[in-house]
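Asks: Start from the sequences and build out the full structure, keeping to the hints where you can.
Letter 275 of the sequence shown, counting from 1, is numbered 275 in the numbering used here, and no numbers are missing.
Think of the hints as simulated: they come from the structure by calculation, not from any bench. Idealized CB from N, CA, C, for every residue including glycine. Just to be clear, a hint being listed does not mean it is correct.
Result set (PhoX-like, lysine-lysine): computed pairs, CA atoms no more than 25 Å apart in a straight line [as the list claims (entries may be wrong)]:
no., residue 1, residue 2
1, K215, K87
2, K271, K281
3, K88, K12
4, K196, K271
5, K15, K281
6, K271, K248
7, K215, K286
8, K100, K286
9, K196, K215
10, K15, K87
11, K281, K196
Listed next, with one range per pair, are the computed distances between beta-carbon atoms [to be verified]:
no., residue 1, residue 2, range
12, E222, R122, 44 to 50 Å
13, L238, Y43, 38 to 44 Å
14, R122, M264, 36 to 42 Å
15, N304, F231, 30 to 36 Å
16, S11, N304, 49 to 55 Å
17, I151, M230, 40 to 46 Å
18, L307, A141, 48 to 54 Å
19, A242, I137, 36 to 42 Å
20, L307, K15, 34 to 40 Å
21, L238, V176, 30 to 36 Å
22, V227, F255, 20 to 26 Å
23, A141, I52, 40 to 46 Å
24, Y247, G95, 51 to 57 Å
25, Q223, L296, 30 to 36 Å
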Amino acid sequence: MESEIKFQARSKLIKGHLQICRFDHWIKNVFILPGILVALSLYPQGINFGLINDILIGLFASGLIASSNYVINEVLDAPFDALHPTKKNRPTPSGQVNIKLAYLQWIALMIVGLALASLVSRNLVYVLAALWLMGCIYNIAPIRAKDISYIDVLVEAINNPIRFLAGWFMVSPPFVPPTSLLISYWMIGCYLMAIKRFAEMRDISKSISAKQYRKSFAFYTEQNLLVSIMFYAASSMLFFGAFVMRYKLELILSFPVIALIMAMYLNLAFKNDGSAQAPEKLWREKPLILVCFICLMLMIFLMNYSLPSFTSFFQQSVLR
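Replies: So this is what it looks like as structure tokens:
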């Protein structure tokens, strides 16, 4: 009987430590995909027999670094998650995790992730090290950027261009990606994060004071969050427009679809306990996923094929 109790306790502990890796959140590695696709569009010479191997290793390494960040997030957020109506059931605040082992787990995941990245390229190691460092800045005192209004969104969203660069360096073109595209990718990440904050504030304030759960909510209001969402959306499209005008004018045709995706995502913020608060659950939003897939296919086509009649007409219209 005693041995059975010990076995159950050990199983529960192992399960808890696996859960705090949040392997289901690896779906966010989808933000690496545009980096791969843009790199291949601008540098088709990168297509070779070893590319698939490099991409698979790079994606796995990226996932391990992300899990390292999730582990430290779980450990340091446990006192605040205990106040949340649903997050209080997470493994750490519910007592299913050994804190000392969790710290070892945090470091081990980082080391293995960077070691795997070194099999692909040195630049990928640097990029994933930056991803891990941003996780530290976001979660660990004395900086703990997640407690600072607006800075929390900017710091968390910078993982977007970092992930883009991870995909870029899996292909390893002999040049760097356009700055305008990286800034646009950063701003779209800010747009998504600000919507997440807006949805969280609307939902959690029904149970407790929002600032009890997250210090940054002491300053946030629904109004200033909506204003920031507008700012990030406009900034993202302005910088994307700069990229399009400089490198691939055909991509203008994708603008209406991108705008539709942004509108559909904003709509999710008004749903109770919706996917905007948990992006790893976005696969349940079938209409949004379908439009995203259509947009992806359209952008792949436009990046790789020229439409001389369209670009000529557009350029002449601009000159007039």
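Asks: Does the structure keep K215 and K87 at a Cα separation of 25 Å or less?
Replies: holds (16 Å)
Asks: Are the Cα positions of K271 and K248 separated by 25 Å at most?
Replies: Violated. K271 to K248 sits at ~37 Å, over the 25 Å cutoff.
Asks: Looking only at beta-carbon atoms, does the pair V227, F255 fall within the given range of 20 to 26 Å?
Replies: Since V227 and F255 have Cβ atoms about 23 Å apart, the given range 20 to 26 Å holds.
Asks: Decide if the proposed pair is consistent with the structure: K281 and K196, CA atoms, cutoff 25 Å inclusive.
Replies: Status holds; Cα separation ~13 Å.
Asks: For a C-alpha distance cap of 25 Å, please report whether K15 and K87 respect it.
Replies: Holds: K15 and K87 sit about 17 Å apart, inside 25 Å.
Asks: Against the 25 Å threshold, does the CA-CA distance of K271 and K281 hold or violate the hint?
Replies: holds (13 Å)
Asks: Is the distance from the Cβ of L307 to the Cβ of K15 consistent with 34 to 40 Å?
Replies: violated (53 Å)
Asks: Run the distance test for K196 versus K271: straight-line Cα separation, threshold 25 Å.
Replies: holds (11 Å)
Asks: For the pair A242 and I137, does the Cβ-Cβ distance stay inside 36 to 42 Å?
Replies: Since A242 and I137 have Cβ atoms about 28 Å apart, the given range 36 to 42 Å is violated.
Asks: Is the gap between the beta carbons of Y247 and G95 within 51 to 57 Å?
Replies: Distance hint for Y247, G95 holds at roughly 53 Å.
Asks: Look at the Cβ atoms of A141 and I52 and judge whether their distance stays inside 40 to 46 Å.
Replies: holds (42 Å)
Asks: Is 30 to 36 Å respected by the C-beta to C-beta distance linking N304 and F231?
Replies: Given range 30 to 36 Å: holds, Cβ gap about 32 Å.
This entry does not satisfy hints 6, 7, 8, 13, 17, 19, 20 and 21, going by the numbered hints stated previously.
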